[in-house]
Amino acid sequence: DTLRYVATAKDNAPARHVGRSREFVVRIPTEAEQRAARLRVTAATATAFDSMSRQAVRVQRTEEDLARERQRVDPVTASARAGQDGRKDPLSSDAARKAQAAANTQQQLLADATKLQKAIQQLRDAAERQGVSDSALARELGEINRLLDKALSPELRAKLASLQQALKDLDADRTRDALQDLARQQAMLKEALDQARDLFRRAALETDLANLAQDAKQLAGEQHEVTDRLAHNDSGKTAKAETALATRADS
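Read the sequence shown against this note's numbering and you will find it ends at 253, with the numbers running on by one and no gaps.
Hints in this document: simulated from the structure, not taken from any laboratory.
Here the structure is a predicted model, which means the values were calculated and not measured.
Among these hints, one or two may not hold up.
Said to hold, decoys possible - Ranges of calculated distance between the beta carbons of each label pair, as one might list FRET restraints: (1) Glu145 with Thr49: 19 to 29 Å; (2) Glu145 with Ala34: 23 to 33 Å; (3) Arg24 with Ala163: 23 to 33 Å; (4) Ala163 with Arg6: 49 to 59 Å; (5) Lys170 with Lys117: 25 to 35 Å; (6) Glu157 with Val8: 52 to 62 Å; (7) Val28 with Gln197: 36 to 46 Å; (8) Lys152 with Ala103: 25 to 35 Å; (9) Thr116 with Ala189: 14 to 24 Å; (10) Arg60 with Ala34: 51 to 61 Å; (11) Ala15 with Glu130: 11 to 21 Å; (12) Val20 with Gly144: 48 to 58 Å; (13) Thr116 with Arg24: 41 to 51 Å; (14) Asp196 with Arg22: 55 to 65 Å.
Unchecked claim - Mimicking SDA-like on lysine to any residue, the simulated pairs with C-alpha atoms at most 25 Å apart in a straight line are: (15) Lys170 with Gln123; (16) Lys192 with Arg203; (17) Lys192 with Arg159; (18) Lys120 with Asp175; (19) Lys192 with Gln123; (20) Lys192 with Arg131; (21) Lys170 with Glu145; (22) Lys152 with Gln197; (23) Lys117 with Asp173; (24) Lys152 with Ala46; (25) Lys192 with Glu142; (26) Lys120 with Asp96; (27) Lys100 with Lys192; (28) Lys100 with Gln182; (29) Lys120 with Gln182; (30) Lys170 with Gln182.
A virtual CB, placed ideally from N, CA and C, is assigned to each residue, including glycine.
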């Protein structure tokens, strides 16, 4: 459907003047176009899930490797630190740099997961607006959001904060412990992400099948209208309608 409108304004002069704006056109997408738009968003979200799952694996491996790594300590730095507060295992600059990079990557992963959660919520809202036909999809997207809530646990954020504080204090032992704890929490995040990704793929497949059925139903209805026009010898409009239907069916 298409809505066309203009705005007019009149002044109070004796010889009244009338101003008229240009014509504006508002086109309302068809149901098929709205479904196609949702499919594009769904495909992009699925790609984001895959990318995040791969990133989660890399982050977990990095944290585990750093937690197992025995750093090389500068004797001069170690002696100075021990003289200050009695600590015998200060954090070397190289180990601090690597651990900080891991913390930054973990922080970015959390930010990306939060963005993904918002995208899922938008898809859920859109599905609920479509009514009964997408109610099953809305329920599954709600479950996916629950899994993402589980992935973005307060415990994970707390372990990340502990790592950042240990780095700030240049404490090697606490940094190593924090990396071990963070790696365990990261494994739980990876598991929740994988569950959410698999559920999303299933929901996307079910949505694709439902969309195909709706498109087929709509095409059948329009084909019936074309058949009725043929019966009334409206050859010009019928030919154009048949061409449009054939194009849509091929796509």
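Results for each hint:
{"no.": "1", "hint": "Glu145 with Thr49: 19 to 29 Å", "result": "20 Å, holds"}
{"no.": "2", "hint": "Glu145 with Ala34: 23 to 33 Å", "result": "28 Å, holds"}
{"no.": "3", "hint": "Arg24 with Ala163: 23 to 33 Å", "result": "56 Å, violated"}
{"no.": "4", "hint": "Ala163 with Arg6: 49 to 59 Å", "result": "57 Å, holds"}
{"no.": "5", "hint": "Lys170 with Lys117: 25 to 35 Å", "result": "27 Å, holds"}
{"no.": "6", "hint": "Glu157 with Val8: 52 to 62 Å", "result": "59 Å, holds"}
{"no.": "7", "hint": "Val28 with Gln197: 36 to 46 Å", "result": "42 Å, holds"}
{"no.": "8", "hint": "Lys152 with Ala103: 25 to 35 Å", "result": "26 Å, holds"}
{"no.": "9", "hint": "Thr116 with Ala189: 14 to 24 Å", "result": "19 Å, holds"}
{"no.": "10", "hint": "Arg60 with Ala34: 51 to 61 Å", "result": "40 Å, violated"}
{"no.": "11", "hint": "Ala15 with Glu130: 11 to 21 Å", "result": "52 Å, violated"}
{"no.": "12", "hint": "Val20 with Gly144: 48 to 58 Å", "result": "54 Å, holds"}
{"no.": "13", "hint": "Thr116 with Arg24: 41 to 51 Å", "result": "42 Å, holds"}
{"no.": "14", "hint": "Asp196 with Arg22: 55 to 65 Å", "result": "59 Å, holds"}
{"no.": "15", "hint": "Lys170 with Gln123", "result": "36 Å, violated"}
{"no.": "16", "hint": "Lys192 with Arg203", "result": "16 Å, holds"}
{"no.": "17", "hint": "Lys192 with Arg159", "result": "14 Å, holds"}
{"no.": "18", "hint": "Lys120 with Asp175", "result": "37 Å, violated"}
{"no.": "19", "hint": "Lys192 with Gln123", "result": "20 Å, holds"}
{"no.": "20", "hint": "Lys192 with Arg131", "result": "31 Å, violated"}
{"no.": "21", "hint": "Lys170 with Glu145", "result": "38 Å, violated"}
{"no.": "22", "hint": "Lys152 with Gln197", "result": "11 Å, holds"}
{"no.": "23", "hint": "Lys117 with Asp173", "result": "33 Å, violated"}
{"no.": "24", "hint": "Lys152 with Ala46", "result": "22 Å, holds"}
{"no.": "25", "hint": "Lys192 with Glu142", "result": "19 Å, holds"}
{"no.": "26", "hint": "Lys120 with Asp96", "result": "37 Å, violated"}
{"no.": "27", "hint": "Lys100 with Lys192", "result": "21 Å, holds"}
{"no.": "28", "hint": "Lys100 with Gln182", "result": "14 Å, holds"}
{"no.": "29", "hint": "Lys120 with Gln182", "result": "29 Å, violated"}
{"no.": "30", "hint": "Lys170 with Gln182", "result": "17 Å, holds"}
Of the hints listed earlier, those the structure fails to meet are numbers 3, 10, 11, 15, 18, 20, 21, 23, 26 and 29, in rising order.
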